Each structure stands twice: as C-alpha cells, then as structure tokens.
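S.K.: Use the sequences and the hints to build the structure in full.
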Amino acid sequence: MSVSNLVACPSCDLLADVSSLKHSEKANCARCGHFLTKYMQDGTLRVVSYAISALVFLILANCYPFLSFKASGFESEMTLAKTALEFYRYGMLDLALMVGTFIILLPAFVVLLLLSVSLSIHNQKPSAWLTPASRLIFLLQGWCMVEVFLIGVIVSLVKIAAMATVVMGISFWAYAAFTVVFTLALSSFDRFQTWKKIELLMEGS
Amino acid sequence: MSNSAASEGLSSCHLCYKLAPKSEHKCPRCGAAMHLRKTDSIQRTLALLITAFVLYIPANVLPIMITDQLGASEPSTIIGGVLLLIKLGSVPIALVIFIASVAVPLSKMFSMLYLCWCASQDVPISVRQKTVLYRITEFVGKWSMVDVFVVAILVALVNLGGLVVIKPGIAALAFAGVVIVSMIAAESFDPRVMWDNLEESLEEKND
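Heads up: the protein sequence lines correspond to chains A and B, in order.
Residue numbering for the first sequence follows my numbering, beginning at 883 and increasing consecutively.
Residue numbering for the second sequence follows my numbering, beginning at 55 and increasing consecutively.
Check before you lean on any hint, since a few could be wrong.
[Unchecked claim] When the alpha-carbon atoms are kept at most 20 Å apart in a straight line, the in silico SDA-like pairs for lysine to any residue are as follows: (1) B/Lys221 to A/Leu979; (2) B/Lys141 to A/Ile1042; (3) A/Lys1041 to B/Ser130; (4) A/Lys1041 to B/Leu137; (5) A/Lys1041 to B/Leu142; (6) B/Lys221 to A/Ser958; (7) B/Lys76 to A/Ser884; (8) B/Lys141 to A/Ala1044; (9) B/Lys221 to A/Gly973; (10) A/Lys952 to B/Lys141; (11) B/Lys196 to A/Glu1029; (12) A/Lys1041 to B/His68; (13) A/Lys952 to B/Val219; (14) B/Lys221 to A/Met1045; (15) B/Lys221 to A/Asn910; (16) A/Lys1041 to B/Val156; (17) A/Lys1041 to B/Ile153; (18) B/Lys196 to A/Ile1036; (19) B/Lys221 to A/Val1037; (20) B/Lys196 to A/Ala912; (21) B/Lys184 to A/Pro892; (22) B/Lys76 to A/Lys1041; (23) B/Lys80 to A/Arg1073; (24) B/Lys80 to A/Leu1032; (25) B/Lys92 to A/Gly1024; (26) B/Lys80 to A/Met1084; (27) B/Lys92 to A/Met1045; (28) B/Lys80 to A/Ile1019; (29) A/Lys920 to A/Val1037; (30) A/Lys1041 to B/Thr131; (31) A/Lys920 to B/Leu137; (32) A/Lys1041 to B/Leu217; (33) A/Lys952 to B/Leu214; (34) B/Lys184 to A/Ala912; (35) A/Lys952 to B/Thr121; (36) B/Lys196 to A/Val1062; (37) B/Lys184 to A/Arg913; (38) B/Lys196 to A/Ala1058; (39) B/Lys196 to A/Arg913.
Don't read these hints as lab results, they were simulated from the structure.
The model shown is predicted, which means the values in this text are computed figures rather than measured ones.
M.R.: Written out as structure tokens, the structure is:
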C-alpha cells in the first residue's frame, strides 16, 4: 500500500485508500463520514470552463446597475461596487474594505488563480508559481462570501419590498450566475486530486 | 481495520492532504507549515471565542442601522429590527432575521464552547456526533455575515435625498468582528483531538 494513495481524514485522522475511485465516485471517511475526495476524469477541464464563465459573469456584474429602488417619484440606483463604497462615504473604511474584499476582490482573485492553475495543469505546463498559487486558492476559498451576499440581497429585498418598488438589474442576474459557476468551479477543484496532479507535473519538470 | 495517520507516524498537511513523517515541519509538496495536530487548538479557540462574546455585546446594544425619514432620525438595533417587523405583522421575515442574526451566531459560539469542553475530557462519548456538530458549526460560520451585507445593500440602495436615507451604524462593524473572529475560532479547533482521546481511552481499557 503506497502512502500516496492514502488520505488522512481531516476531521478524525483515519487513513483511507482512495486510489480505486472511478469516474464521479466520491469517498467519505468510514469513521466520521467527512467528505474526502471525488474523482472526476475531466476534473481539470471542468475547473477551466467554470472559471472562464465565472470570470465573464463577474465582469458583467460589475458593469451594470445591480438594483434600483423607486418610491414616491424618487429613484436611486445601486451598483455592486457601491455596496462597499457607501460604507467609506459614511466614514467606515474598515467595513468598506471587508465587504469589498469578501464579495468582489477575493472572489475575483480566486477565479483568476483557479483559471491559471487549472489551465497550466490541463496544458501540462509546470511552473514555479503553480504550487504557491494553488496553496492560495485553498487558503482563501473559505473567505469568499459570494453565496452569502446573494442571500443578503434576497433578505434586503424582502425587507424593503413593502416600502417601495425594487427592480433587479442585469448585474444582479450576472452575480447570481457567477455564484453558481464559482461554487461549481471550487467544488470541481478537488483538494486531493488536484494536488496529486500538481505533484506529478512538478516531478516531471 | 485501518489506523489513524498519527498512529502510523504520519502527519497530514492541512492544505494539500500530503502525508509525511511526523518529524517534518514543512509540507514536502506544498510548503505549508505541518503539524501533527493544530497548535494549542483548545486554548486558541477559547481565547477567540471570548473575544467574539465580548464583541457580541456592542453588536447588539448599539444601532446597526439609522433610518432618516423626512428629517426624523431613527436608530435600530438587531433585536429592535426584529421586534419592529413582528409589530408590523411580518412574522416570517422577523423569524428569518432572528435566526440569521441572533440564533445562529449565538448557538455557533455556544457549540464551539461545548466542543472545547468535550475535547478536554479524557473519556469522550459520541465523538462522531460531536465531529458532525463541529462541521456544521464550521459550515455555518460565514453565513452570519448576511446581516452585515443586508446593511451594506440597504445603505447603498435606499438613498432618496431628503425623503429617506439609511445610514450604517457602528454595530455593523462589531457584528462583522463577531463573525470573523468566530470563523477563526472554528478554524483553530481540531476535532482530531477528541478522536485521539477516544483511541487512548480504548487502549487503556484493553490493557
């Protein structure tokens, strides 16, 4: 039994052999049930395609109005960047930075990293930045709050629906689509499988 | 019957799942720092939890949002917003907001506290359920940020000159602090400590 086929459960440390997984089969820990890995034949290509569409949707989401709000003849419009920037206008730079980082900057950075890492694995091109870039993805992915923000939008809509008419802009739909493909890209970027591929690629170079 | 990585003299990289001999300090594959178990997990988690509880006070006492309507300024706290919604008859929405901003963050912090206590017991019971509880706590972590995002959206959206303006309150910052600190607290906790204690107590029984 080779050590490279084994994975230790991150929750309970039990060793499991995950070398015999077939296409789209996943492994869970036998002792505590924690998800370990899922093998996809076309895993890397999936990440490439989801990351490209995520990038397109994110760009669209930043180019158009997000929501507009009408009440008694007055109208105000909101863009994605404004959610963060308005905090700055009220003197809360810290919150502006936090919100901007969690919903736009960090997801954008992670998408770019995902795209470059998956492309270089797919094209079998090893490079020195491959390992640190993949490390960054796994380090930062937990801090992307894309889906949380989308739920926040829905809660706010419900909260002010009685007050006025709210119209959803192109940007809203683009961000919703971004949330879906971004989540798919991250879940296709399987930790165990990806690192195995990177190791192979770096050994060959 | 398979064994734990630690009993085989292996430690597992938290970033890339690489298995390497216990003596390694740096992951041979990805270069991340390697530890057999997270360093001082219970103490760190407890310290961060205390910080989160302290921040939770201003997050609830101070206003999270200030609504300026026709010249009248009305600050509202998290609980105040929930009570107002109940008074206006929107009980379902009030319930959603109560669950997202009061019930979930509080139960998250208390369950981490409970898990720290469990991990310091020598003879742990129902470790599997506690591991699942930990994973739920970890998963739920960032969802409490919903509240801060709602404030951000309302502030950016509702700005109709003299008619009605919504401004952010300082509690939003405290609340964001609660969420971030408790996320780091959950990340510092190591459920494997409970399994180690279980394995040890089983070995003692067999001896």
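S.K.: Compare the structure with each hint and give your call.
M.R.: Against the structure, the hints:
{"no.": "1", "hint": "B/Lys221 to A/Leu979", "result": "holds, 17 Å"}
{"no.": "2", "hint": "B/Lys141 to A/Ile1042", "result": "holds, 16 Å"}
{"no.": "3", "hint": "A/Lys1041 to B/Ser130", "result": "holds, 14 Å"}
{"no.": "4", "hint": "A/Lys1041 to B/Leu137", "result": "holds, 13 Å"}
{"no.": "5", "hint": "A/Lys1041 to B/Leu142", "result": "holds, 12 Å"}
{"no.": "6", "hint": "B/Lys221 to A/Ser958", "result": "holds, 15 Å"}
{"no.": "7", "hint": "B/Lys76 to A/Ser884", "result": "holds, 17 Å"}
{"no.": "8", "hint": "B/Lys141 to A/Ala1044", "result": "holds, 14 Å"}
{"no.": "9", "hint": "B/Lys221 to A/Gly973", "result": "holds, 11 Å"}
{"no.": "10", "hint": "A/Lys952 to B/Lys141", "result": "violated, 25 Å"}
{"no.": "11", "hint": "B/Lys196 to A/Glu1029", "result": "holds, 10 Å"}
{"no.": "12", "hint": "A/Lys1041 to B/His68", "result": "violated, 41 Å"}
{"no.": "13", "hint": "A/Lys952 to B/Val219", "result": "holds, 13 Å"}
{"no.": "14", "hint": "B/Lys221 to A/Met1045", "result": "holds, 16 Å"}
{"no.": "15", "hint": "B/Lys221 to A/Asn910", "result": "violated, 47 Å"}
{"no.": "16", "hint": "A/Lys1041 to B/Val156", "result": "holds, 17 Å"}
{"no.": "17", "hint": "A/Lys1041 to B/Ile153", "result": "holds, 15 Å"}
{"no.": "18", "hint": "B/Lys196 to A/Ile1036", "result": "holds, 17 Å"}
{"no.": "19", "hint": "B/Lys221 to A/Val1037", "result": "holds, 18 Å"}
{"no.": "20", "hint": "B/Lys196 to A/Ala912", "result": "violated, 28 Å"}
{"no.": "21", "hint": "B/Lys184 to A/Pro892", "result": "holds, 14 Å"}
{"no.": "22", "hint": "B/Lys76 to A/Lys1041", "result": "violated, 53 Å"}
{"no.": "23", "hint": "B/Lys80 to A/Arg1073", "result": "holds, 18 Å"}
{"no.": "24", "hint": "B/Lys80 to A/Leu1032", "result": "violated, 38 Å"}
{"no.": "25", "hint": "B/Lys92 to A/Gly1024", "result": "holds, 18 Å"}
{"no.": "26", "hint": "B/Lys80 to A/Met1084", "result": "holds, 17 Å"}
{"no.": "27", "hint": "B/Lys92 to A/Met1045", "result": "violated, 50 Å"}
{"no.": "28", "hint": "B/Lys80 to A/Ile1019", "result": "holds, 18 Å"}
{"no.": "29", "hint": "A/Lys920 to A/Val1037", "result": "violated, 33 Å"}
{"no.": "30", "hint": "A/Lys1041 to B/Thr131", "result": "holds, 15 Å"}
{"no.": "31", "hint": "A/Lys920 to B/Leu137", "result": "violated, 46 Å"}
{"no.": "32", "hint": "A/Lys1041 to B/Leu217", "result": "holds, 18 Å"}
{"no.": "33", "hint": "A/Lys952 to B/Leu214", "result": "holds, 9 Å"}
{"no.": "34", "hint": "B/Lys184 to A/Ala912", "result": "holds, 16 Å"}
{"no.": "35", "hint": "A/Lys952 to B/Thr121", "result": "holds, 17 Å"}
{"no.": "36", "hint": "B/Lys196 to A/Val1062", "result": "holds, 17 Å"}
{"no.": "37", "hint": "B/Lys184 to A/Arg913", "result": "holds, 13 Å"}
{"no.": "38", "hint": "B/Lys196 to A/Ala1058", "result": "holds, 18 Å"}
{"no.": "39", "hint": "B/Lys196 to A/Arg913", "result": "violated, 27 Å"}
When each numbered hint is compared with the structure, violations occur for hints 10, 12, 15, 20, 22, 24, 27, 29, 31, 39.
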